[in-house]
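Trainee: In case you want the letters, here they are:
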Amino acid sequence: MSSNGSALKGSAPDLAKQLLAQKLAQQIVNQIVSDDVIDDKIEEEENQNKEPTCCQMFCAPFTLKYYQPFFNDLTTKVIAQKLWASFFPFKATFFEIQDGKADLYGPIWIYATLVFAVAAAGNISGYLATPSNIAFHYNFDFIPTASSLLFGIAFLVPFAIYMVMKMLGGRHLHLTSVICIYAYAQTCIIPVCIVCSIPNPQLQWGALIYAMINSSLFLIVNYWGELEKNIQAKKHIVIWLIAGCQVVLLLLFKMYFFLYVYTNPYTGSRFDQLTKIDHNEHFFLHHNKH
Amino acid sequence: MTDNQQVPFGSGMFQGQAKFVDYAHMNQQEVQVNTLDEPVTDTLLRDINMILYKLSYVIIPRMKETQGRKLRNWDLWGPLLLSLLLAMTLGINSNQSSDTIFGTIFIIMWGGSAVITVNAKLLGGQVSFFQSVCVLGYCVFPINIAAVLITFFQSYFGFFLRIIIVGVAFLWSTFSSLSFMSSMMNEEKKVISVYPIFLFYMFLSWFCIFI
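Residue numbers (the working numbering), protein chains in the order written: chain A, 10 to 299; chain B, 31 to 241.
Looking at chain A on its own, in the form it has when it is part of the complex (with noise of 0.2 angstroms):
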């Protein structure tokens, strides 16, 4: 900066101009500093005046403060309350545990344990059923479908009784409540597909029955002080979807999870005859197919 170059060399007047010039810059920079604060602040206090933007609006559910509210003031008592009314059908207990306000933590660890169990018990009743001479193969093509159909009825069945009951005439209704009271009416399935591991087919129908009928249920019996005062005529149609969504879900785990699963690795059929395979034939039909 000064004509000679170097810093701090020279005689003490030149020191004393060489301080004072580098106190000096130090108060401008703190003064822009400062007015770029004062400046932040200002627009804060009229971004708080405005109404959102159209981004903001659509850019919401992609924050995380926008699920805070569903997080808030949650412990493990309240989550133990919420599993432990989702048994007792009979009672419509679950809307006045906190006052009946929703969290997404059910949801998403209900599904995720939901996965988890029908994928083990899938797998675990397919290995007892195969007789010993047969290679069991893990099947793990039931993870992705699982996760797909859990995540994907997750949303779109509270989806379709929200609209159906606010159509009909519902108040006091909203999406994130039907959304997680239906998570917690799909508790009763997990301890069901540990019972459905045992490849007993008169078991598996048993225990599925009755979490049909425990979640649809403890669905209809919470819903209910709502159908009763704003439906009223057609709450039928409410009943019935539940009732339909429930058994299609558990006639699909039926059908598809629990079925006898041996699977004969060169036609794909899940009926064959049960006939013995030994190491040699294997390789002769490997080689004769190509």
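Some clues are possibly wrong.
[Said to hold, decoys possible] Subject to a maximum C-alpha distance of 20 angstroms in a straight line, what follows is the list of computed SDA-like cross-link-like pairs (lysine to any residue): (1) A/K86 with B/V224; (2) B/K220 with A/Q77; (3) B/K220 with A/F79; (4) A/K175 with A/L165; (5) A/K74 with B/N149.
[Stated by the list, open to error] Chain A stretches covered by chain B per the calculated footprint, using a threshold of three residues with CB under 8 angstroms from any CB of chain B: (6) 67-77; (7) 150-157.
These are calculated hints, taken from the structure and not from any lab test. We put the CB at the ideal spot given by N, CA and C, even for glycine.
Keeping the supplied structure of chain A fixed, place chain B upon it in accordance with the hints.
Mentor: Below, chain B alone, put in the same frame as chain A:
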């Protein structure tokens, strides 16, 4: 300019001025830029040492807050290598669905870590996103060891021994990451923030039993 004792901020980029640099006045960014000069093996060895140092923390889980040192320098190389190793080890054995396995494990590991971290943040934990993903990724190491053992020594292990090995690996992983996660949360939210981690490692360990 070259007679100046103090090097201006951006000049680290110009290697020609490096010889006049006064190290006492250089800042962090300029020190790191000079690593452009070093041989590739040095860079790789430094990264590998960092990964091994963190893996040693996983092998010996510590319940105290002394883990703070490890957490501040998160890196995603370790979790990437571990997830690739796990997916490949488990994919080797299974003939017909190795691509499903690879994809599933990759998605579960990275998607799962992200969801668990977001869950912990939303429940009020003071946890940084990448630090948490880093810890969850590194703690998969015991499951990796179990998978490698089972893949390469398959003929020596009966079914029950497999379950024992995988069970030990699962408990080890969960315990390692617990010491990190549970220190971040309130007492009343501990169970609901720890359960997802339990489910995550259970998912990954389950694959090892049935390859």
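Trainee: If a hint holds in the structure, say so; if it does not, say that too.
Mentor: Checked hints:
Between the alpha carbons of A/K86 and B/V224 the distance comes to roughly 14 angstroms, so the proposed pair stays at or under 20 angstroms and holds. Between B/K220 and A/Q77 the CA atoms are separated by roughly 18 angstroms; this keeps the pair inside 20 angstroms, and the hint holds. Restraint check for B/K220 and A/F79: the C-alpha separation of about 18 angstroms stays at or below 20 angstroms, so the hint holds. Between A/K175 and A/L165 the alpha-carbon distance is near 15 angstroms, which keeps this suggested pair within the 20 angstroms criterion.
Simply put, A/K74 and B/N149 have alpha-carbon atoms about 12 angstroms apart, close enough for the 20 angstroms limit, and the pair holds. Residues of the segment 67-77 of chain A with a Cβ under 8 angstroms from some Cβ of chain B number 3, which satisfies the need for three, so the listed coverage holds. A count of 3 residues in the segment 150-157 of chain A with a Cβ less than 8 angstroms from any Cβ of chain B is obtained; the coverage claim is therefore met, three being the minimum.
Hint violations for this structure: none, all hints satisfied.
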